[in-house]
Amino acid sequence: MKAKLSALAIATLMSTSAMAVDIQWNGFASIVAGQTLSSGESVYGFNDDISFDSGSLIAIQASSDLGNGLGVTAQILSKGDDDWDPEFAWAYVSYDFTDSFRMLVGRQRAPFYMYSDFLDVSYAYPWITPPEGVYSLPFDTFDGVGFIYNASIGEFDTTTHFTYGGNNNGTQIAGEDVEPDFKDIMALSVTLNREWLTLRAAYAVAESTIPISSIEALAAGWSQTPFADIGDAIRVFEDDGEFLELGFQIDYNDWIVVGEYTEIDTGDTFLNNDDSYYLMVGKRVNSVTYHITYGADSADPLNATEGVPVGVDPALDFLVANTNAATASQAEDTTFLTVGARWDFHDSAAVKFEYTDFSDDLDSQSDAGLLRMAIVTVF
Amino acid sequence: MKKFITSLLCTLCLISTSALAEVVVVVGASNGNSLSGSDVSRIFLGKLKKFGDGSSVIPVNLASGSDVRAAFEKNALGKSSSQIKAYWSKQVFSGKGKPPKELGSDADVINFVSSNPGAIGYIDAGSVNDSVKVVATF
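Line by line, the protein sequences give chains A and B.
Sequential numbering from 138 applies to the first sequence in this note's numbering.
Sequential numbering from 19 applies to the second sequence in this note's numbering.
Simulated from the structure, these hints should not be mistaken for laboratory data.
Some hints here could point you the wrong way.
Sample of chain B residues with no beta-carbon within 12 Å of chain A, all distances over it, derived [what the hints assert, rightly or not]:
hint	residue
1	N93
2	N134
3	A143
4	D148
5	V153
Quick list of in silico lysine to aspartate or glutamate cross-link-like pairs, EDC-like style, CA-CA up to 16 Å [claimed, not checked]:
hint	chain 1	residue 1	chain 2	residue 2
6	B	K92	A	D388
7	B	K114	A	D202
8	B	K116	A	E332
9	B	K92	A	E332
10	B	K92	A	D159
11	B	K97	A	D391
12	B	K97	A	E332
13	B	K67	A	D391
14	B	K65	A	D294
15	B	K116	A	D159
16	B	K97	A	D388
17	B	K116	A	D233
18	B	K65	A	E332
19	B	K68	A	D294
Backbone N, C-alpha and C define an ideal beta-carbon position, used for all residues, glycine too.
Using the sequences and the hints given, assemble the complete structure.
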């Protein structure tokens, strides 16, 4: 299905160019340099060696208006974190039922977070990237169908965005390269905007299967014992996950205040339920925007082995110890404080500087200070 | 010295002229709709797509870099040019919308607006002629 949709989008794009219909080209890029300040520290993909590829990216978008409400768009994104391998971040056919009701079919972004739709377009927001501690879902795109409906309700302009689809792209979860399968991803977001105030809420569900080898091995071990249900519980196999986001944005005169709160509920799998939030305050002074952001990310470990007798059977003890270690590894209690500035030095480019103080309350060895600089552009 | 003062005065004149330049929002002479300042802002941000009488709105921009456009964005939309650019990049890269088409000069805008029902543009107040109707001044 997915391959078919992408192929459809590309084929449409190609036939479009064959008919010599106008293709509009746009693009954006971020070049990020970053380094942690003390030896041995690492955070958000950076360490104490200066890096120019982590967080850096470039994207080219081609779109064409086919007339009668039909359009086609493809966006190819190449990220330094993925060895610059290009991939389709978006590839869709759009159809406008009316001026205010649009359907997208193909590959697109799931509207999880306030900045999801333009997650990689750093030019569109003050930070170098939206706060990593909060923007932590394992995937951001899906293949399927989306509906965007705009309406005015009283003084508010509203946007309702509903998406349905799936994703089975390889990713990294719990430090391991995995081939997950997210099915029946349904997401609904509602955004209200009136002059300087924007309010947003999003809710999403997905049936998740994530074969993590160490967890699968533990589950196989438990299946040989009377406690097979523990194995079934910890592995992520056709488990229903839920996601909730609440956000607001105030853009008043030269002040900006942005906040988002998220909850991830993965059921009783070894991946824990995660709560996170951030609050940003910024001020524009001529062409420079100064900003400060504080955020926190916490997850309580699942207690999967309650009720298993200890000291009776060495095989059981082994399973208990390893299962507890796996669930404990997912516990999280971190905070971050970022101060930064964005300088719009050019018509379509900006320079950004940021310092992040990352603090891990469960393991102070993971504390880190990260300095980043970026040049971001749209074209 | 005299030359210097003269050139300084000229520069000051220029600065004050550009600061005082009035931007007017124009529609075709036969367009009977009235618009509030907030309507104008929502039209040029792609949020309002129909006039009061239900007909479709076609906004047009002046080319980026134009002084009149910068003044319009500052006074009518309340944003700097880079904020507007950031706003449209959100829309363009997320399949939600695209910015109004750009025209090269006030004369092009007058031409387009007077020959397309539903078109709306903005020009320097000094460029207005009979073929268009001023609906707002910033």
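These are the hints, each one checked on the structure:
At roughly 14 Å, the least C-beta separation between B:N93 and chain A is larger than 12 Å, which holds for a residue marked as non-interface. With a cut of 12 Å on Cβ distances, B:N134 stays outside the contact zone with chain A, its closest approach being about 16 Å. At roughly 25 Å from the closest C-beta of chain A, the C-beta of B:A143 stays outside 12 Å, upholding its exclusion from the interface. The claim that B:D148 is not at the interface with chain A holds, since no C-beta of that chain comes within 12 Å of its own (minimum 31 Å).
No beta-carbon of chain A is positioned within 12 Å of the beta-carbon of B:V153; the least distance is around 20 Å. Proposed proximity of B:K92 and A:D388 is supported: the alpha carbons are some 15 Å apart, at most 16 Å. The suggested pairing of B:K114 with A:D202 holds, with an alpha-carbon distance near 13 Å, which does not exceed 16 Å. With a CA separation close to 20 Å, the supplied pair B:K116 and A:E332 exceeds the 16 Å bound.
For the proposed pair B:K92 and A:E332, the alpha carbon gap of about 15 Å is at most 16 Å, so the pair holds. Distance check on the hinted pair: B:K92 and A:D159 sit about 31 Å apart at the alpha-carbon level, beyond 16 Å; violated. Distance restraint check for B:K97 and A:D391: the Cα-Cα separation of roughly 10 Å lies within the 16 Å cut-off, and the hinted pair is therefore satisfied. At roughly 12 Å between alpha-carbon atoms, B:K97 and A:E332 fall within 16 Å of each other, so this suggested pair holds.
The suggested pairing of B:K67 with A:D391 is violated, with an alpha-carbon distance near 28 Å, which exceeds 16 Å. With a CA separation close to 7 Å, the supplied pair B:K65 and A:D294 stays within the 16 Å bound. Restraint check for B:K116 and A:D159: satisfied, since their Cα atoms lie roughly 14 Å apart, inside the 16 Å limit. Simply put, B:K97 and A:D388 have alpha-carbon atoms about 10 Å apart, close enough for the 16 Å limit, and the pair holds.
For the suggested pair B:K116 and A:D233, the alpha carbons sit about 13 Å apart, so the restraint of at most 16 Å is met. Only pairs whose Cα atoms come within 16 Å are accepted, and B:K65 paired with A:E332 is accepted, the gap being roughly 11 Å. For a cut-off of 16 Å, the pair hint linking B:K68 to A:D294 stands: about 14 Å separates their Cα positions.
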